[in-house]
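Throw the hints in and build the complete structure from the sequences for me.
Chain by chain, the residues run as shown.
Protein chains: 4
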Amino acid sequence: MEPLYVINFKAYPQGIGKRAIELAKTLDEVAGETGEKIIIAVQPTDIARIVDKVEIPVFAQHVDPITPGPHTGSIPMEAIIEAGASGTLLNHSEKRLRVCDVAGVVRRAREMGIKTIVCAGDEYEAGAISRLKPDYVAIEPPELIGGNVSVSRAKPEVISRGLRAVSPVPLLVGAGVKTCEDVKKAIELGASGVLVASGIVKAENPRNAMLKLIGRM
Amino acid sequence: MEPLYVINFKAYPQGIGKRAIELAKTLDEVAGETGEKIIIAVQPTDIARIVDKVEIPVFAQHVDPITPGPHTGSIPMEAIIEAGASGTLLNHSEKRLRVCDVAGVVRRAREMGIKTIVCAGDEYEAGAISRLKPDYVAIEPPELIGGNVSVSRAKPEVISRGLRAVSPVPLLVGAGVKTCEDVKKAIELGASGVLVASGIVKAENPRNAMLKLIGRM
Amino acid sequence: MEPLYVINFKAYPQGIGKRAIELAKTLDEVAGETGEKIIIAVQPTDIARIVDKVEIPVFAQHVDPITPGPHTGSIPMEAIIEAGASGTLLNHSEKRLRVCDVAGVVRRAREMGIKTIVCAGDEYEAGAISRLKPDYVAIEPPELIGGNVSVSRAKPEVISRGLRAVSPVPLLVGAGVKTCEDVKKAIELGASGVLVASGIVKAENPRNAMLKLIGRM
Amino acid sequence: MEPLYVINFKAYPQGIGKRAIELAKTLDEVAGETGEKIIIAVQPTDIARIVDKVEIPVFAQHVDPITPGPHTGSIPMEAIIEAGASGTLLNHSEKRLRVCDVAGVVRRAREMGIKTIVCAGDEYEAGAISRLKPDYVAIEPPELIGGNVSVSRAKPEVISRGLRAVSPVPLLVGAGVKTCEDVKKAIELGASGVLVASGIVKAENPRNAMLKLIGRM
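Chains as they are written, first to last, in my numbering: chain A, 1 to 217; chain B, 218 to 434; chain C, 435 to 651; chain D, 652 to 868.
Since the hints were made in silico from the structure, they are not lab data.
The structure presented is a predicted model; accordingly, all values stated were derived computationally and were not measured.
C-beta: ideal position from N, C-alpha, C; glycine also.
It is possible that some hints are incorrect.
To be verified - If you want a taste of the chain D side facing chain C, the calculated C-beta under 8 Å gives, among others: (1) ASN659; (2) PRO695; (3) ALA699; (4) VAL702; (5) ILE717; (6) THR723; (7) GLU729; (8) LYS746; (9) LYS829; (10) THR830; (11) ALA848.
Rendered as structure tokens:
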């Protein structure tokens, strides 16, 4: 099965504003040249400016559990959709949400026709979230996020247990994923794709880093 | 003194996406025709698309207390600046912040050269915030927000006490402000301007509502 | 099956301090006289003083997702256990928690031998929570909490759907429960018990209110 | 001037339940023998059980910004007062609060006759808080909390600047305070006392640690 690559720009300096637009275009070219499935998750301020320059799906990194109305400083799903987002990450370890809010946002996303990738730190959290039927559950052991050891190598059991916990919702895995071996291992164990951030966004040469990740370099 | 009009688009359906762009252009025209000082505070997803279409300053409604780095789902000041914002609202009653976060964001805004309008619910909160030296403190009695009775009429003492509490930081007032009498009264009492949301954003004819607010219609 | 009655003292004036101790003793007497299963959930400040005066189980209303250590102002499970609590409510609509925190606290409670009753607002949230295997899931439609119409009468489908969603975890229901008919209906539909707050705590005569609730008066 | 010693039990294992009661009695004996002013800040579950065994003032570590009513899992000021607390810490770096909540709780504490010690991380935050007129402002540079280098030695300028920022509200300082030289230095610089946690609570012999801190051993 073809893996899905979700590239999370976070709030890295390399993933904001003009640099985010350049990075998005680079990843879009790689997707075009190789036929790989790449999704990017960007700052809300950058969604509209990136969407009109790339073919790959552009996701938000979060959306607030509100409907349009008097909510200063909160972002409703309508705002990211109007900006052109086709989905959103949710509940990342850097932005954990309440059960009721994950439930509400996932349901609303389904009604409004956008995708959700909901993060979890372990198979227990992942199992609970899978009951809400997001499009993907992504397990990222928090202690490996941002590091150099990948989840596939350090904690393969997280993937196999995670699969059982979230089935039939497809599973993504993340944290420390940097090489195409990391990806292969994850896919072999049953994952549908990977979540990557620093490995691509902070790379000196993101094009090469992405090509290496997908095994074309 | 010329009053400052801060129009907060909130997350109103009329203040998101295409409708936000139209509304921004309308208010920009009014500012151009009348010479009045108008600032708009919009969704982060809309900043960049509005900034290149208007002359009036575009503010964010909030910015997260983080610096660029691994913070999925949080918006650093750099992101709104890159999108073209020249300032931000902070601590609105719909998004109250911790003391340490108001302190940190106001200081950072000063260093990075953007403006801050920090909201407060009463003169005590306003007084504390004024010590952090934002560009403006805005007092909005929460019980009047979104209603039809203006702070100038219902609670003129909030303005006079607020002035003493925040001096020498200039004071804005808000909540229920809809007519040019509301504005005049506030300015007479010493305020430097007003915060308005539903009165303009939800008006059937925002152009007329804005013209009325500034006393040209 | 014998229903379980969980009486939530909340932060009602009648449920704090000396009045909480009196109320606890009253409910304990009713439990002793009637043989009914009653649990009370009280302020953390009152746990120790109530535990040594009653036979019925005393629960906390919440416990923070921390382990003992440098956490000023947060209450670890060890603190409520030392005070004599035998369980805790969690995720009440007035104190919703993040998925990761419900997961962590429920797991820890199991390891440390205390019970958890985890609240949910609907069958979706309840289903997700049931995967974490708390001792009970309690569904309370937020719009009915504190009102005079019971969930059993106004929304019987919440109970039947809730049962399917949480099975095999036993289900409690709450919100507006005030009469023994409300309880009977809930039990008939398959619930294992009820959550009650204002109906008992704010009653002029809590003893009579409790006797009525269990159908002995 | 006689320094005030505020001993924060946090959620340390040594500061919970039976061990908290023993620690409180030990510190109370030291206060009785030496005439020093010692305050302890304990878990809410322990307030009532400690209050009836000691003479020294017992504080809460936090109180929620609510008034009595339907607030499951939140602790109103009435609950800690009923339990016997004579004051509360607020806004500790491990439990930072919103501006509006510090303002509300400090005002309420004054009305209800209990004391507040409000923490701050630097002189800016401290200055803002001082405007709310708590009984004390306590500055603790977060990076020194729990460490072995005291604020008086590492950052004496925090104390002098803090004093100017909070005047006329008296200033406490904390973070890394372990020796009587640390205390002396702080008092010389103008502080009214110190906040100490691990230095006493985690000491092998808290009695000796306290005696050393006050310079009697």
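Outcome of the hint check:
At a threshold of 8 Å, the smallest CB-CB gap from ASN659 of chain D to chain C is about 6 Å, leaving the interface hint in force. Hint status for PRO695 of chain D relative to chain C: holds, with the closest Cβ pair at about 4 Å, below 8 Å. Below 8 Å, beta-carbon pairs count as interface contacts, and ALA699 of chain D has one with chain C at about 5 Å; its hint therefore holds. Checking VAL702 of chain D against chain C: minimum C-beta separation of about 10 Å lies over 8 Å; hint violated.
Nearest Cβ of chain C to the Cβ of ILE717 of chain D: about 6 Å, under the 8 Å cut. The hint holds. Nearest Cβ of chain C to the Cβ of THR723 of chain D: about 4 Å, under the 8 Å cut. The hint holds. With 8 Å as the threshold, the beta carbon of GLU729 of chain D comes within range of chain C, its nearest partner Cβ sitting at about 5 Å, so the hint holds. Interface hint at LYS746 of chain D: satisfied, since its Cβ lies 3 Å from the closest Cβ of chain C, which is below the 8 Å cut-off.
The closest approach between the C-beta of LYS829 of chain D and any C-beta of chain C is roughly 15 Å, which is over the 8 Å cut-off, so the hint fails. The criterion of a C-beta within 8 Å of any C-beta in chain C is not met by THR830 of chain D, whose closest approach is roughly 20 Å, and the hint is violated. For ALA848 of chain D, the interface hint holds, since its Cβ comes within 8 Å of a Cβ in chain C; the closest pair sits about 7 Å apart.
Against the hints set out earlier in the document, violations occur for numbers 4, 9, 10.
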